[in-house]
Amino acid sequence: MTVRDLSHRQGVLWIAALVHRLSGLALAIFLPAHFLTLGLAIRGEAPLESFLRWSDQPLVKLGESALVFLLMVHVLGGVRLLVIENLPWRDGQKELATIAAALSAVIALFLLARIF
Amino acid sequence: MNVRLYLWQRLTAAVMAPLVLVHVIVIFYATRQGMSAADILARTRGSVAWASFYGLFVVAVAVHAGIGIRNVLTEWSPLEDRPAAILASAFAVLLLILGARAVAAVVLP
Amino acid sequence: MSLWRGAQEGRYETYKVPLRDNQTVLDVVTFVQRHLDPSLSYRFACRVGMCGSCAMTVNGRPRWTCRTHVSSVAKSGRLKIGPLENLPVIKDLATDMRAFFDKWQRAKGAFVPSRSRGEDVERIKPDSAARIAADAAIECINCGICYAACDTVRWNGDYLGPAALNRAWTLVNDVRDGGNTERLRAAAASGGCHACHSHQSCQELCPQQLNPTASIAGLKRRTLWAYLRGEV
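Chains as they are written, first to last, in this note's numbering: chain A, 1 to 116; chain B, 1 to 109; chain C, 1 to 232.
Just so you know, these hints were derived from the structure itself, not from any lab.
Predicted model, so just to flag it, every value in this text is computed and none were measured.
The beta carbon of each residue, even a glycine, is placed where N, CA and C say it ideally should be.
It is possible that part of the hints are untrue.
Some, not all, of what chain C presents toward chain B, calculated at C-beta under 10 Å [stated by the list, open to error]:
no. : residue
1   : Ser-128
2   : Arg-131
3   : Ile-132
4   : Ala-133
5   : Ala-188
6   : His-194
7   : Val-232
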């Protein structure tokens, strides 16, 4: 076997970085599908309308809330990085990362609750 | 990742932060109102404002996602720099084309 | 406790070591080598937390073993000790640190004088912003813990690493130094400061309480301005 012992990779900031990367990947994969769906409108309202009705299903709405969570956590995590890189150093990065994740969850759940 | 790629990635990120905020609010509003495709398209068709907003969004996201994908490929896949850069650029072009098509679909009268 | 034996390939071998009060991980490794298995290879020098030679991976975290008490890291009396990550293993707990020091050079982490002995000594105010920034990062003793902890070093073979870039930042802030054009060019290139994702493992684990993440953020700003002005 090889020596690798990575059990220390569990801290808040490492998880924050992983979430940031994975959310970015998920959004990147989602985008072409999103653009193709909107592109249905080229053929008039009806194809877009039937898609919107299909997306009224609870499971799809749940998926859309998940996407909003991924988008918000990616943006807020990114803003935290922009602050680190462009403003004077501030401690409390773990707290900021946790707040960013919590805020994203709240916004996504808020969206979910209001549309049901 | 070098200074040039860094600049474009951070720049597009900064540009998109307020765009994302507006987009999430718009989506929230549209779903809350239970808007149909007809309702949405009535607002977007022929609108220079929406065309500019989402046009900018599409360009920025194509650049941003392209550079992000390039980073992930060079760090997490066995691909070398050059093939990773080509693949990432191809993905960015795909987003640009599909995105421009989507904007045209909802904005053109 | 288990210790890594072998080179890049090998295995963790188990040893039983008496638990004493006020025991450091280095004490435990030394006990193994002196009383259980003289073929064990490891590095140390000062034993008192000044030289950085004894850095190893202890229960998954890179630490100075002479300053790590067994009581604070051993869960239910178990310890897992391996060589530093991200560096080739020479034997057992000793790694080949040449790549670490090569990157130091590539990051232009060496002072470049701008005055000769015939000129007056440069006056530096200790409370100037540049000197404060340099002083905050200057105490690095090249122990390699940040380099071992860094995911980006692991994922990106070109990445110069936190220690080398941290040192470059101190020199960028040294008004006596004359080599900043080359230094910023090195930091702006592929594998330079822009590869850093600010995971902050370096800052969390540095035994000198340095903050390479902040130094690298400073380098990102400086190289960006240099790029926009056409200097790199």
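(Q) For a quick check of understanding: which of the numbered hints are violated here, in increasing order? (A) Structure breaks hints 1, 2, 3, 4.
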